[in-house]
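Trainee: The primary structure of each chain is shown beneath.
There are 2 protein chains.
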Amino acid sequence: MKLRDNFLLAVALTAASAVSYAQQRPDPAVPGYAYGERKLAKAPYTMADLKGLQASLLFTAEDVEALRQSKEILADQTDAILDVWYGFVASTPELVYFFSNAKSGEPDGAYLEAVRKRFALWILDTADANYDQRWLDWQYEIGLRHNRLKKNKTDGAPSVAQVNFRYIPALTIPVTTTLKPFLAKKGASPADVEKMHAAWVKSVLMQSILWSQPYIKDGEF
Amino acid sequence: MKLRDNFLLAVALTAASAVSYAQQRPDPAVPGYAYGERKLAKAPYTMADLKGLQASLLFTAEDVEALRQSKEILADQTDAILDVWYGFVASTPELVYFFSNAKSGEPDGAYLEAVRKRFALWILDTADANYDQRWLDWQYEIGLRHNRLKKNKTDGAPSVAQVNFRYIPALTIPVTTTLKPFLAKKGASPADVEKMHAAWVKSVLMQSILWSQPYIKDGEF
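Each protein sequence line maps, in turn, to chains A and B.
Residue numbers for the first sequence, in the working numbering: 1 to 221.
Residue numbers for the second sequence, in the working numbering: 1001 to 1221.
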């Protein structure tokens, strides 16, 4: 079973590599969205590291399939998903703080809006589940943008210096809990909704772990 | 709804504090189990930090209830759960490595067995869901024991220097996936099994975040 899963995952990853160049060019309509841009720094973790992490997360080819099944379901719902998600952030002082103006303490509307446009593309990218070096490099860039090393720079935002580490893996729960009703809105069977939801939980947790790398002491990631 | 949940959580936490001294004395039959021992260092995070983290994880009084409901179900199944769990670790080279003898590279049986005894108590402690300063201090100690600062010291194990950070939050998935069938074995309704499972996912992720603190750069946790 495990060997078979690994084999299927390898097949899926190979197929993913073949199509990913066509799918993930930076979208010029969304400032700061840089997935696939050659100027991105190379991630400090490798594809082999990713495979080990996926094994420890029970992330298999079935999860890749389930994520891709979710793309068509979610594609025209990203705005509605982001309304719910931003509602949660706005009502949680610990989270809205990270979007606040560092001087006034008030939420920064322009910053929230700039992030929101990239967030919509992130939903689709997560559903694409194409794992290659360019994907790794983009995860690293996303991590840097949460850390004090690069937060606020993309949007020139006048906000606080960092998103504290502890909230990054934690957000796996509200992001995927928020998503679940939307997965169920297009007639997928309850069993398929469960599979897609479980795959999303694994993928978001996996990404949040990669995003955490800039926070980790040297040699301990 | 949110206010009500916070209120119920406060009530649950107060009730928990009242009984926790009686419940969590160190078990002298399990070497290295030190929950509640006064010699433990004070955690670098506070009860207020924990509340913020719980809010960001959507962890409410319902989750406390669901965890406690799971205790009676799991209490006589910890050995069977650990058989499955250890089977997964043994079959995943990335994970069994952390139990290996640093010189021979072979899994260290005595170390695995010593950790297993504490793991059984951890299952029950997680189900108890008693959150107070002693619980926080014990989470910090568990984190230190994964990090190079204290790994191997409790058992005098001749093992590798650290569990790499990235596997710690990742293990939320196999731990809680392993657990789910056991939650269903004592006749709880499917809806209750889902609630207990969801509460376990939140609790294990929350704990893994606290355990990660020793890995995080100063001021970024």
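Since the hints were derived computationally from the structure, they do not count as laboratory data.
Owing to the predicted nature of the structure, the values given are computational and were not obtained by experimental measurement.
By construction, the Cβ of each residue, glycine as well, lies at the ideal position given by its N, Cα and C atoms.
Don't take every hint at face value.
[Said to hold, decoys possible] Okay, the calculated beta carbon distance ranges per label pair:
| # | chain 1 | residue 1 | chain 2 | residue 2 | range |
| --- | --- | --- | --- | --- | --- |
| 1 | B | GLU1062 | A | GLU62 | 24 to 32 Å |
| 2 | A | LEU124 | B | LYS1042 | 42 to 50 Å |
| 3 | A | LYS217 | B | ASN1101 | 41 to 49 Å |
| 4 | B | ARG1038 | A | LYS186 | 51 to 59 Å |
[Stated by the list, open to error] Some chain B residues flagged as far from chain A (calculated, every beta-carbon gap over 10 Å):
| # | residue |
| --- | --- |
| 5 | ASP1049 |
| 6 | LEU1082 |
| 7 | ASN1152 |
| 8 | PRO1169 |
[To be verified] In silico DSBU-like pairs for lysine-lysine, Cα to Cα no more than 35 Å straight-line:
| # | chain 1 | residue 1 | chain 2 | residue 2 |
| --- | --- | --- | --- | --- |
| 9 | A | LYS51 | B | LYS1039 |
| 10 | B | LYS1180 | A | LYS153 |
| 11 | B | LYS1185 | A | LYS217 |
Trainee: Looking at the structure, which of the earlier hints fail to hold?
Mentor: The structure breaks hints 3, 5, 8, 9, 10 and 11; every other hint is satisfied.
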